[in-house]
Amino acid sequence: MDPGPVKVCFRVTGPTGYLALELPKVYNIKGDDHTVKATLKTDGSVSSFDVRKNFYTPVGEGSSGDGTTLLELTATDGPTATGTANAYPAVAAVNVGQPGRAGSRACTGTLVDPNWVLTAASCFAADPTAGFTVPAGPPAVASTATIGRADLATSGGHTVAITELVPRTDRDLVMARLAAPVTDVTPLTVATAAPVQGETLRVAGYGRTKTEWVPNKLHTATFNVDAVKATGVDITGVSPAGTSVCQGDTGAPTIRETGGTPKIAAVASTSWQNGCLGSTETAHNGAFNTRTDDVYDWVQQTRALATGWKTEVLVKSGTSLYQGIRLTDGSLTGFGDVESKVGSIGGVKSAAAAGINGDTHVVAVGSDGHIRHTIRSANGSWSNWGDVNSVAGWLGSATQVSAVSIGTDLHVIVLANGIVFHTVRHADGNWTGFGDVSGAAGGLGSATSVATASVAGQLQLAAVSGGKIFHTIRNSAGSWTSWGDVSTYLGAPGPVSSITMAGVGGETHVVIATANGTHQYHALRKSDGTWENFADLGGLLGQVTAKSLSATAVDGEVQLALVTDDNKILHIIRHADRTWSTVAPVETTGVNGTRDAVAITGTL
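Anchor point for the sequence shown: position 145 equals 145 in full-length UniProt numbering, and the numbering is continuous, going up by one each time.
There is no bait here: all hints are sound.
Calculated cross-link-like contacts (lysine-lysine; reagent style DSS-like; alpha-carbon spacing at most 30 angstroms): (1) 263 with 229; (2) 568 with 263; (3) 210 with 229; (4) 263 with 210; (5) 37 with 217; (6) 263 with 217; (7) 217 with 25; (8) 526 with 468.
Simulated from the structure, these hints should not be mistaken for laboratory data.
Put together the whole structure using the sequences plus the hints.
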């Protein structure tokens with residue numbers, strides 16, 4: 001009866017040692033405190049290689065059913081391992097299964113996000129020779145990625161379990177989720193420009209070489225692009241001469257350097273392995289690598305599945321509404337048409353968003369004046385539109401909505417015929433009836449713009465009427481304060497055309513546009529109820545005309561987005577230390593037509 005895996009130990013009593021023996025079916029060798037040279041016989045061929053000091057080293061990869069037989073061990077004192085510079089610390093050594101065991105594999109991958117490694121799907125396939133198909137979900141066997149370790153024979157960096165696979169179905173490519181984020185290694189980004197025939201790219205991997213069976217250090221080589229195909233590229237080695245993509249390099253990034261910045265243009269998939277240690281191939285050369293340039297948005301959308309702060313972005317263009325996500329590194333996903341995913345409501349007149357945990361609640365005014373609600377779940381799926389008026393009451397023709405979350409409740413403010421209304425959607429999905437805020441906060445006059453914020457568990461509401469700002473607070477018990485004319489505290493920088501608010505801690509941040517959007521200002525209401533006066537944002541935003549403003553709290557900071565009259569969307573952050581970031585344009589790939597309005601919210 002097969003006893004299963006057995007550990008055989010030998011003790012070296014001095015600085016060196018030699019042992020001749022025969023052990024069949026060896027899968028793993030470790031030289032504790034010694035460098036060991038092992039002589040092995042695999043498929044009738046005898047070879048030797050160095051075993052890493054203090055680390056298990058897999059042997060017998062790809063051997064026949066007869067396995068690999070250990071013939072001889074030579075142990076030396078060995079030098080102390082030292083750190084080694086790594087030009088690409090984001091490149092990962094990927095182990096599928098326990099190293100050295102039958103069926104285990106060694107591959108290469110790349111950290112493209114603190115939570116994700118990009119590699120080849122075939123690394124995880126049941127039979128890589130039969131194709132790259134791999135099911136989504138946890139890997140079939142325990143798998144890890146080692147990142148930020150220049151020499152695998154040393155410590156340092158991170159070895160992290162892989163918990164989930166998100167594969168492509170059209171090419172040999174998979175995103176592997178890490179059990180814990182790697183935050184001290186800068187990820188590589190995916191290139192968006194397609195490879196070009198004749199272009200020289202660099203492959204960085206941990207696979208075999210001409211002389212090493214299991215290299216400890218990342219090695220690179222340059223390759224020429226011979227042909228560009230729909231989902232991949234054919235490449236051949238250029239330098240060093242005779243170089244090849246070898247076993248263990250599968251999943252390795254094929255890197256394009258532009259202005260000193262490396263980006264992933266492709267991922268190693270299959271190779272003839274001509275010139276690789278142990279390969280008998282001589283008639284063919286080259287390799288096929290999977291393209292990544294045309295799946296950039298898939299990578300971004302997959303990155304967005306990880307937990308952590310993100311900024312959901314809604315862009316209204318004409319009567320269409322688009323949704324995208326700003327990730328923590330400032331990059332964005334592509335934008336998709338919301339109605340194409342949720343169903344048509346005949347076009348959108350106004351929209352707002354609010355984050356509750358990892359979900360994004362979207363509230364929109366349809367072309368018929370009805371208020372609709374949908375939820376984008378953290379996994380990217382959408383619920384169908386729900387007609388809020390059917391459960392909260394009819395208001396007449398609504399023109400604007402604003403929304404914010406307080407705990408798990410969604411508070412919605414609707415402007416209809418100049419009147420400000422309020423409703424709440426509770427966590428169980430039930431809505432309260434619309435209530436006229438003026439009935440609780442006093443008369444206001446005809447309002448033209450509204451904004452909401454969640455501050456210390458209370459709803460704060462601002463409305464613009466007659467070019468002035470009026471402010472009220474709804475406490476946790478549901479009571480409203482009377483409208484207060486903010487100009488009596490701060491003065492009037494000009495007739496207000498639009499307003500937005502965000503709450504951070506106990507502070508309320510108010511941003512307005514005046515004089516038909518030509519000037520923008522920021523003010524602050526402190527936790528004690530006092531105000532800091534409006535500060536002109538022109539020096540930060542430039543001389544722009546704002547058609548739409550939206551602010552939100554994201555991880556203790558205020559993010560502000562605005563649509564300008566020259567069809568741009570700008571973004572800026574007010575940090576916790578009261579400084580502002582440099583204003584930056586928002587790339588809205590996928591949005592058609594003129595950008596009319598923007599709404600943002602933070603989600604986890």
